[in-house]
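Use these hints to put chains A and P onto chain Y, whose structure you have.
Protein chains in written order, with my numbering: chain Y, 1 to 152; chain A, 153 to 484; chain P, 485 to 978.
It cannot be assumed that every hint is accurate.
With a straight-line Cα cutoff of 20 Å, these simulated EDC-like cross-link-like pairs (lysine to aspartate or glutamate) come out [unchecked claim]:
id : chain 1 : residue 1 : chain 2 : residue 2
1  : Y       : LYS28     : P       : GLU686
2  : P       : LYS773    : P       : GLU733
3  : A       : LYS340    : Y       : ASP36
4  : Y       : LYS28     : A       : ASP478
5  : A       : LYS309    : Y       : ASP36
6  : A       : LYS449    : A       : GLU216
7  : Y       : LYS42     : P       : GLU733
8  : A       : LYS332    : A       : ASP290
9  : A       : LYS399    : A       : GLU471
10 : A       : LYS435    : A       : ASP220
11 : A       : LYS243    : Y       : GLU95
12 : Y       : LYS28     : A       : GLU479
13 : A       : LYS449    : P       : GLU729
14 : P       : LYS779    : Y       : GLU68
15 : A       : LYS444    : A       : GLU432
16 : A       : LYS428    : A       : GLU391
17 : A       : LYS340    : Y       : GLU29
18 : P       : LYS711    : Y       : GLU95
19 : A       : LYS305    : A       : GLU479
20 : A       : LYS435    : A       : GLU461
21 : A       : LYS309    : A       : ASP272
22 : P       : LYS779    : P       : GLU729
23 : A       : LYS329    : A       : GLU471
24 : A       : LYS332    : A       : GLU387
25 : A       : LYS428    : A       : GLU187
26 : Y       : LYS118    : P       : GLU540
27 : A       : LYS444    : A       : GLU460
28 : Y       : LYS69     : P       : ASP712
29 : A       : LYS309    : P       : GLU733
30 : Y       : LYS74     : P       : GLU686
31 : A       : LYS444    : A       : ASP478
32 : A       : LYS340    : P       : ASP945
33 : A       : LYS449    : P       : GLU540
34 : Y       : LYS75     : P       : ASP712
35 : A       : LYS433    : A       : GLU215
36 : A       : LYS332    : A       : GLU468
37 : Y       : LYS118    : P       : ASP835
38 : A       : LYS402    : A       : ASP295
These aren't lab readings, by the way, just hints derived from the structure by calculation. Note that this is a predicted model, so its numbers are computed, not measured.
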Amino acid sequence: MIKTLHQKVSLILIAIAAGYLYLSYNLKEYPYVPVDSDLVPKVLGYVLLVLAVALFFDKSSETEEEKEKRVVPKKEILVMAAVGGMIFVYIFLFEILGFLITTFVFILACSAFLGYRKWMTSLIVSIVFPGALYYVFNYLLQIRLPQGILPF
Amino acid sequence: MKKLLSFGLILFLSILTACSNDQYASSDDGEWEPEQPIELVAPAGAGGGWDTTARSVSQVMEEEGIVDEDIGVVNKPGGGGAVGWAYVDRKQGNPHHMFIGSPPLVFIPLNGQSQLGYEDFTPLANMIADYAAFAVADDAKWDDLNDLFDDMKEDPKDITVVGTSSPGSMDHMQFVKIAKAAGVDITKIKYVSSQDGGALTQVLNGNADVFSTGVAETVEQVRAGKIKVLGITAEERLEGEVLSEFKTAKEQGIDATFTNWRGFFGPKDMDEGQVKYYEEKFKEVSDSESFKEIRDKYGWEEMYMTSEEYQEYLDEQNEELRGLLDEMGLAE
Amino acid sequence: MGGLDGLLQGFQVAFSIEGLLFVFIGVFIGTFIGMMPGLGPISAIAIMIPITYGMEPSTALVMMAGVYYGAVFGGSTSSILLNAPGISGTVATAFDGYPMAQRGEAGKALAIAAVSSFVGGTVSVVLLMLFAPALAQVAVTFGPPEYFALMFMGLTAISSLSEGSTIKALISATLGFMVVTIGIDGQTGTPRFTFNNPNLLEGIDFLVIALGLFALAEVCFLIINRKDTSLTDKANVGSTKLSKEDLKEMRGPMSRQSFLGFLLGVLPGAGATIASFIGYITEKKIAKKPEEFGKGSVRGLSGPETANNAATSGAFVPLLSLGIPGSGTTAVMLGAFLVMGIQPGPLLVQDHPDIFWGIIASMYIGNIILLVLNLPLIPYISKLLKIPRPLLISLVIIFSLIGVYSVSFNVFHLYVLLFFGVVGYLMRLTSFPAAPFILAFILGGMMEQSLRQALTASNGDYSVFVTEPISLTLLIISLLTFVVPMIKRRYSTV
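The following block holds chain Y by itself, in its conformation from the complex:
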């Protein structure tokens, strides 16, 4: 019966270690070195396996403080997931639409979503911040951020 958090985490870690070890044993061989590229990964895989098993049987229960940290209201998880989703969409459109447009929309949408209602300030920040960053990167530092569909 799996009860504690430690045991759940431990099982996930064992799965990671097993997958990692499987890949380590299937690495391509290179004939001209005495110690090949698989040595360190194999060691790491077994170390993780041992540690994960040790965690499974670790008796020390969590402190109250640690437990408290894990109590996150369902609603907040949804908020975080939504922000995560926004980041995902941002990344997806980043090179297609360009830095300026995506960043403008993101700052406006994300801060409004999180409860910021001063539209004027929000609008100014979402234009000035990306604009300044874009100018500095593209024109002063010659590091090209994606231009996207805008002509500059």
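Relative to chain Y, chains A and P alone:
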């Protein structure tokens, strides 16, 4: 509602961009001129061979007014060059981006460390030839390549070669090529790769024995008496202070050379007008007095090739290097 | 030429109106670029190279030294204010700097960083001037076995970086080490754990891990506490006032870490990152109240900040006296020399004394300018924290994303960043510390490469690690730091 609106706007704008391909093509009479600043990508950090060559070329182009548009050098280090190549590859259809290439452009795809190879780009022109040098600590027991190779034939276990590039790439294979011609069993050569100045340090502290590198990297250390150069891979001796003292492999009776060619490559499928434009401009640079001075300063030799000559040369190189890598069992 | 004559000549270069102006410009630009997302000293110097084209080499290089210093300092700002370390050298700065800023003492935290940087920078330049040639010889004796031992010593410090469970800290470190094995292996060219995805051949960049595990994971907590306005309402977040007690607290770390950081900086490849971690750990080990560390301790901030700046000058030792770049940053610096037409080598002091001493003199001046320039700016910079939370959250997210994009130019790595943000959050929820993860990520790669370089040279004979005296000593020290606390614990509980 607002979300719908912005989505509609995004959709509209993306359709707009999709329609504007081929905006940089040559005019109908096959003439072409750049319309934007030109970007030369050095697929490595500042100060290396690629970077120095690209910067010198852009300097000459600007100083002599060869090209009207601005020319900037951008460093895109990583993956032995692969990061910079991928960057230029993403610029297909925009002939204002190009990178400087050299033998790793052939080695690294052959090793399977990059999916992009020279075939995926348009060779524009080759500019120069540089050469490899093999150096050992100043107090080492070997005085020329034959001493070294004799020892290697006897007991290859005792000698470690160190270089900056990864195994199967330039620093490794340039040594392998010369060693093979000298009759060393190349499957027994021990090669260690070390970045950030570590290679030279390892030769100085005796962890490794032979430093496989470019000619220019050795000059200052030789002058200070820290290391000595056993041989270089040029056809004939180079000119210049210190440089002219380096013996070639050929004069030591080893019939092999290795050329570190460097030239420019644009994205795939550039049209004739564009290729012709760059060929001419690079030719002007190569023929200029100021580029000659730069070549002399770094110990490079002139090696201009047009796009077509370059393509043939690359095919030959590819065959030859593939043979070498196959023998080592390193080719994909 | 004697040292004093040389230095005087150097001050002539640096103290000319032109020289002063360029050091000033360099420091200013460096600080500015260092504050930009993802840009550290490496990019700052690389960016400046084309700009210095055609300048007098000695002035140009004096300016470059200023840029280097400024960028190292500028990188601390985002660590302290946003928990977003822009370069590996400032990860340890965030451990105590960020909690201090969150307590409402952002100005104080930045001031401690500035003063510590100044002291670390200045003391180490004196050391650089006095001992460069001798130390350079020591640096060269460090071969792969010694590096392996040094990295190993750094890794054993993991146990002291964790709060609570040692098993969790070790698991975290193992995972960090595993992540760094992704990509093409340096010694064989074999692609490892890349799932045939060409985007992974390059491996995962340090910034992706740092910004994911630290900045984005922190964003999750900011989101939960987004209605918290305690910082926004606080009047004096920007106050740079340091109390007598603060200064007294700083004295110890500053004097110790100036030396230790410098020595670690001299070793090629070790550099500012390891110096800052070792600085943090040693301060924690000898502190009377180690439980304050991680919660905004003055010592915990002053230690790594002194160390990383001291290491910055230390890294110039092998570059200036041997022509060997000791770190990624000095490698770019070497590039700057080459572009200027100067090939640094063991003869640099003889051939170009004006440049050698000019750089050293500019370091003294650069440090002073850095302090004078930044202290007055701190109140304005720390106002950043007064931005309302929802807006600040959006800006931190953008900062992290652009930081990663400006080093990789590849959208794929942005997804990886998002992934590590989630991982970082889950780790915090389940009380797995992130610090060992990132320490193992930073040290692991070099440790593995050194291990295998040494073994290739020795034909697979593991005894190289114990027959070399330096390597043996370091390994013994690491074993002791690991074993002694365990024995102590055993006896104290019995």
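Quick rundown of the hints versus the structure:
{"no.": "1", "hint": "Y:LYS28 <-> P:GLU686", "in the structure": "holds (17 Å)"}
{"no.": "2", "hint": "P:LYS773 <-> P:GLU733", "in the structure": "holds (12 Å)"}
{"no.": "3", "hint": "A:LYS340 <-> Y:ASP36", "in the structure": "holds (15 Å)"}
{"no.": "4", "hint": "Y:LYS28 <-> A:ASP478", "in the structure": "holds (16 Å)"}
{"no.": "5", "hint": "A:LYS309 <-> Y:ASP36", "in the structure": "holds (17 Å)"}
{"no.": "6", "hint": "A:LYS449 <-> A:GLU216", "in the structure": "holds (19 Å)"}
{"no.": "7", "hint": "Y:LYS42 <-> P:GLU733", "in the structure": "violated (45 Å)"}
{"no.": "8", "hint": "A:LYS332 <-> A:ASP290", "in the structure": "violated (25 Å)"}
{"no.": "9", "hint": "A:LYS399 <-> A:GLU471", "in the structure": "violated (28 Å)"}
{"no.": "10", "hint": "A:LYS435 <-> A:ASP220", "in the structure": "holds (16 Å)"}
{"no.": "11", "hint": "A:LYS243 <-> Y:GLU95", "in the structure": "holds (13 Å)"}
{"no.": "12", "hint": "Y:LYS28 <-> A:GLU479", "in the structure": "holds (17 Å)"}
{"no.": "13", "hint": "A:LYS449 <-> P:GLU729", "in the structure": "violated (59 Å)"}
{"no.": "14", "hint": "P:LYS779 <-> Y:GLU68", "in the structure": "holds (18 Å)"}
{"no.": "15", "hint": "A:LYS444 <-> A:GLU432", "in the structure": "holds (17 Å)"}
{"no.": "16", "hint": "A:LYS428 <-> A:GLU391", "in the structure": "violated (33 Å)"}
{"no.": "17", "hint": "A:LYS340 <-> Y:GLU29", "in the structure": "holds (16 Å)"}
{"no.": "18", "hint": "P:LYS711 <-> Y:GLU95", "in the structure": "violated (33 Å)"}
{"no.": "19", "hint": "A:LYS305 <-> A:GLU479", "in the structure": "holds (18 Å)"}
{"no.": "20", "hint": "A:LYS435 <-> A:GLU461", "in the structure": "holds (13 Å)"}
{"no.": "21", "hint": "A:LYS309 <-> A:ASP272", "in the structure": "violated (40 Å)"}
{"no.": "22", "hint": "P:LYS779 <-> P:GLU729", "in the structure": "holds (17 Å)"}
{"no.": "23", "hint": "A:LYS329 <-> A:GLU471", "in the structure": "holds (14 Å)"}
{"no.": "24", "hint": "A:LYS332 <-> A:GLU387", "in the structure": "holds (17 Å)"}
{"no.": "25", "hint": "A:LYS428 <-> A:GLU187", "in the structure": "holds (16 Å)"}
{"no.": "26", "hint": "Y:LYS118 <-> P:GLU540", "in the structure": "violated (52 Å)"}
{"no.": "27", "hint": "A:LYS444 <-> A:GLU460", "in the structure": "violated (24 Å)"}
{"no.": "28", "hint": "Y:LYS69 <-> P:ASP712", "in the structure": "holds (17 Å)"}
{"no.": "29", "hint": "A:LYS309 <-> P:GLU733", "in the structure": "violated (55 Å)"}
{"no.": "30", "hint": "Y:LYS74 <-> P:GLU686", "in the structure": "violated (38 Å)"}
{"no.": "31", "hint": "A:LYS444 <-> A:ASP478", "in the structure": "violated (38 Å)"}
{"no.": "32", "hint": "A:LYS340 <-> P:ASP945", "in the structure": "holds (17 Å)"}
{"no.": "33", "hint": "A:LYS449 <-> P:GLU540", "in the structure": "holds (18 Å)"}
{"no.": "34", "hint": "Y:LYS75 <-> P:ASP712", "in the structure": "holds (17 Å)"}
{"no.": "35", "hint": "A:LYS433 <-> A:GLU215", "in the structure": "holds (13 Å)"}
{"no.": "36", "hint": "A:LYS332 <-> A:GLU468", "in the structure": "holds (19 Å)"}
{"no.": "37", "hint": "Y:LYS118 <-> P:ASP835", "in the structure": "violated (63 Å)"}
{"no.": "38", "hint": "A:LYS402 <-> A:ASP295", "in the structure": "holds (15 Å)"}
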